[in-house]
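Protein chains in written order, with the working numbering: chain E, 1 to 181; chain Z, 1 to 256; chain W, 1 to 218.
Read the hints as simulated data drawn from the structure, not as lab findings. Since the structure is predicted, the reported quantities are computational estimates derived from the model, not experimental observations. Honestly, I wouldn't trust all of these hints.
As the list claims (entries may be wrong) - Simulated pairs of lysine-lysine, DSS-like, Cα-Cα distance not exceeding 25 Å:
(1) Lys42(E) to Lys14(Z)
(2) Lys126(E) to Lys14(Z)
(3) Lys26(Z) to Lys5(Z)
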Amino acid sequence: MQIIRLVIYALLIILLTTIHSKSLYLGVFSILVLLDIRFFIKKIRFVLASILVFNLIVTISYAVMTFFTSSVDWEYIVLINLRVLTITYTTFYFIGHTNLFEALSFSKTLSFLLTITYSQIINFMKVMTDIRDAQISRQILRSRKNYRIFSSHIVALFFTKSIYNAKETSCAMRARGVIDD
Amino acid sequence: MIELKNVSYAYNEKPVLVDISCSISKGERIVLLGVNGCGKSTLLKIIGGLIFPDKGTYTFKDRVIDRSFFKNEEYRRSFRRSVGVLFQSPDVMLFNPTVYDEIAFSLRQISENELLIKEKVEHWIDLLNIKKYERSFPLELSGGEKQKVALASILVIEPELLLLDEPMANLDPRSQGEIIDLLYDLNITTIISTHNLSLAPELGERTILLSEDHRILFDGGINELLNNEEILINANLVHKHRHRHKETYHSHYHRH
Amino acid sequence: MHIPDGFISPKVYIPAYAISAGLWAYSATRLKKALSSETLPFLSATTAFSFVLMMVVVPIPGGTTAHALGIGPLSILFGPSMSFLCISLVLLLQALFFGNGGITTLPINALAIGFVGSYSLYYTYRLLIRYEKIAIVISSILSVLLAAVVLAIILGIQPIIGVDESGKPLFFPFGISVTIPAMVIPHIFVGVAEGVLTLIAISVIRRFDRSRILNANN
Numbered sequence: 001m002q003i004i005r006l007v008i009y010a011l012l013i014i015l016l017t018t019i020h021s022k023s024l025y026l027g028v029f030s031i032l033v034l035l036d037i038r039f040f041i042k043k044i045r046f047v048l049a050s051i052l053v054f055n056l057i058v059t060i061s062y063a064v065m066t067f068f069t070s071s072v073d074w075e076y077i078v079l080i081n082l083r084v085l086t087i088t089y090t091t092f093y094f095i096g097h098t099n100l101f102e103a104l105s106f107s108k109t110l111s112f113l114l115t116i117t118y119s120q121i122i123n124f125m126k127v128m129t130d131i132r133d134a135q136i137s138r139q140i141l142r143s144r145k146n147y148r149i150f151s152s153h154i155v156a157l158f159f160t161k162s163i164y165n166a167k168e169t170s171c172a173m174r175a176r177g178v179i180d181d
Numbered sequence: 001m002i003e004l005k006n007v008s009y010a011y012n013e014k015p016v017l018v019d020i021s022c023s024i025s026k027g028e029r030i031v032l033l034g035v036n037g038c039g040k041s042t043l044l045k046i047i048g049g050l051i052f053p054d055k056g057t058y059t060f061k062d063r064v065i066d067r068s069f070f071k072n073e074e075y076r077r078s079f080r081r082s083v084g085v086l087f088q089s090p091d092v093m094l095f096n097p098t099v100y101d102e103i104a105f106s107l108r109q110i111s112e113n114e115l116l117i118k119e120k121v122e123h124w125i126d127l128l129n130i131k132k133y134e135r136s137f138p139l140e141l142s143g144g145e146k147q148k149v150a151l152a153s154i155l156v157i158e159p160e161l162l163l164l165d166e167p168m169a170n171l172d173p174r175s176q177g178e179i180i181d182l183l184y185d186l187n188i189t190t191i192i193s194t195h196n197l198s199l200a201p202e203l204g205e206r207t208i209l210l211s212e213d214h215r216i217l218f219d220g221g222i223n224e225l226l227n228n229e230e231i232l233i234n235a236n237l238v239h240k241h242r243h244r245h246k247e248t249y250h251s252h253y254h255r256h
Numbered sequence: 001m002h003i004p005d006g007f008i009s010p011k012v013y014i015p016a017y018a019i020s021a022g023l024w025a026y027s028a029t030r031l032k033k034a035l036s037s038e039t040l041p042f043l044s045a046t047t048a049f050s051f052v053l054m055m056v057v058v059p060i061p062g063g064t065t066a067h068a069l070g071i072g073p074l075s076i077l078f079g080p081s082m083s084f085l086c087i088s089l090v091l092l093l094q095a096l097f098f099g100n101g102g103i104t105t106l107p108i109n110a111l112a113i114g115f116v117g118s119y120s121l122y123y124t125y126r127l128l129i130r131y132e133k134i135a136i137v138i139s140s141i142l143s144v145l146l147a148a149v150v151l152a153i154i155l156g157i158q159p160i161i162g163v164d165e166s167g168k169p170l171f172f173p174f175g176i177s178v179t180i181p182a183m184v185i186p187h188i189f190v191g192v193a194e195g196v197l198t199l200i201a202i203s204v205i206r207r208f209d210r211s212r213i214l215n216a217n218n
C-alpha cells in the first residue's frame with residue numbers, strides 16, 4: 001500500500017514538472033486541500049515556511065532584472081510560484097499519509113540507520129530547546145566568546161547523548177536479534 | 001515580586017497552561033506540584049522569561065515581562081542576573097571545559113576582577129563539597145555532581161529568584177539530602193517543581209498544585225494539601241495498589 | 001542550498017535519480033559490511049549531527065544567511081561512500097519531515113553535496129593529513145565550494161534545458177553567469193564555518209571513540 005502511494009506520488013510529481021499549466025497546478029492543489037481540509041492551515045504554514053525565502057529571492061530578482069531589460073513576465077512568475085507551491089504541498093500531503101520507514105523497509109540496514117538517526121534527531125531537537133533556553137538564561141553579556149563556548153557545548157552534549165542513546169538502542173536491537181554480531 | 005494574571009500557553013495547539021493566576025512575594029519558597037505533563041516546566045520557563053504567555057500577563061518586580069521587555073538591553077541584563085534557572089537536565093546548562101570555569105562563567109560576565117571571582121567560586125566549590133572535581137570536565141561527572149555544579153553556577157551571582165525544575169529527579173538519596181540542606185540555608189525566593197510528595201514538605205512552605213488539565217488546583221500551605229486526600233487523588237499524585245501491612249495484603253490510596 | 005521543488009527540469013532530476021540510485025545501491029552494500037553494533041551508534045550519531053549542522057545558519061556579510069553542509073565528520077571518520085549515503089538520508093529527512101529542500105532536488109543535492117562534497121573532502125584531507133587540523137579546514141572549504149559550483153551549474157543550465165517553444169525558461173530563470181557567483185561566494189564563509197565545526201566535532205567524537213574504531217583510513 002505504501003509503495004502504491006509512493007508510485008502515485010512520483011507520477012504526480014513528474015506530471016507537475018512536465019505539464020506547465022496554471023489550471024493543472026490550481027486543480028491539483030485544490031483537490032489536495034479539499035481531501036485534507038482539517039489540516040490545511042497547519043500544512044500551508046509549513047509549506048510557506050519551506051518555500052518562502054528562496055521563492056521571494058528568485059521572484060524579486062527576476063522581476064527587477066526583467067524590469068530593467070524588457071518587461072516583467074508576470075505569467076512566468078505566477079506559473080513558477082504556483083508550481084513550487086503545488087509540488088511542495090503535494091509532498092507534505094503524501095508524507096502525512098505514508099509511513100516512510102515502512103516504505104524504505106526493503107533494506108533492513110538502511111531502515112535501522114534511518115530509524116535510529118531519526119530518533120536521534122527528534123530527541124536532539126527536544127534537547128535543543130532546553131539548551132537554547134539554558135544559554136539564554138545564563139547569558140548576561142552578549143559576546144562572540146560566548147557564541148564559541150555555546151557552539152562547542154552543543155556539539156559535546158549532542159555527541160554525549162547521541163552516542164549513549166544509540167549504544168543503548170543497538171544493545172536493545174542485539175537483545176532482540178535484530179543485529180547479530 | 002511575581003504576579004501572574006490569567007496566563008495561558010499552548011504548544012502545537014495543545015493547551016499546556018490554562019488561566020494561571022497567582023502572586024509570589026519576596027522570600028517565599030514555593031513548591032510547584034503536579035504530575036508529568038501538567039505544565040510545571042512551562043510555567044517555570046515563563047517565569048524565567050524564556051517563553052511568553054499566549055494570553056494573560058506576567059509581571060516581575062512591577063514590570064511586565066514580554067518580548068518587548070527583552071529588547072531593552074539594560075532590562076535584559078538585569079533580569080538575567082536576577083533570575084536563575086536550573087533545568088531538569090543539568091547537561092543542558094554545563095558549557096565550560098572545567099567545573100571552575102563553569103561556576104566562574106556568569107561572574108566573568110559581570111566582573112573582570114579575577115581575584116574576586118576566584119574567591120566566590122572557591123566559596124561555592126567548598127560549600128558544595130566538589131573540590132576534587134574543580135578541574136574536571138563537567139559533562140563527565142555523575143548526575144548529582146552535575147546538579148551541584150549547575151546550582152553553584154547560578155547561585156554564585158546571587159540571584160533574587162531561583163527556579164528549579166525537578167532538581168531531585170535524577171539524584172541518589174545522598175545527593176538529594178545535600179541539595180535539600182543547601183536550599184534550606186538560602187535566603188532567596190525559590191520556586192521548585194516536583195512530583196515527589198514525600199520531598200515536597202522539605203522544599204517549601206507553600207504549594208501551587210497544577211492539575212492534569214493544566215489549571216491551578218490548589219494554592220496554599222503544603223501541609224494543608226498533604227492532608228487533603230481528595231485533591232491529591234484528583235491531581236493524580238497518590239496511587240492505590242495492593243501492598244502488605246504485616247501479614248495482610250490490602251489496597252488503599254497512599255504515597256511513598 | 002535549500003532549493004524547493006519546481007525549479008529543476010525532469011530532464012535533469014530524472015537522470016540524476018538514476019545516477020544517484022546506482023551510487024546509493026553501491027554504498028548500501030558497503031554499509032551493510034561496515035555496520036555492526038559498535039559502529040552503528042557512531043554512524044547514526046554522526047549522521048544526526050550532519051542533520052544538525054545543515055540546520056546551522058551561517059551569517060553572510062550582506063545580511064543573508066546560508067547553511068552548513070555537515071559532510072566533514074562523516075567523510076573523514078567513515079569514508080566518502082558511507083558519507084554519501086548518510087548525507088542522502090539526511091537530505092531525505094530534511095526534505096520530507098522538516099521542509100528543507102525538495103524531492104526533485106534531492107538527487108541533485110545528494111550528488112553535489114553527498115557525492116562531490118564527500119569525495120573531494122576525503123581525498124583532500126588524505127593528501128594533507130600530515131597537518132591534520134589544516135587538512136580538515138582546507139578540505140572542508142574545498143568540498144563546500146565544489147558542491148556549490150556543481151549546484152550552481154545545475155541550476156544555471158535550467159534556462160537552456162527547460163524552455164518552452166519560444167525559448168522562455170520554464171524552471172529556474174537565471175543562467176550560470178548569475179548562479180555561480182551567487183552561490184559560490186557566500187559558500188566561502190560556509191566552508192570556513194564547516195571547517196571549524198568539523199574540527200570541534202571530530203575532537204569530541206574521538207573522545208568517545210577510545211578504541212579508535214572510527215578511522216576512514218582503515
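Margin query: Let me make sure I understand: some of the numbered hints might not hold for this structure. Which ones are they, in numerical order?
Written below: Violated: none.
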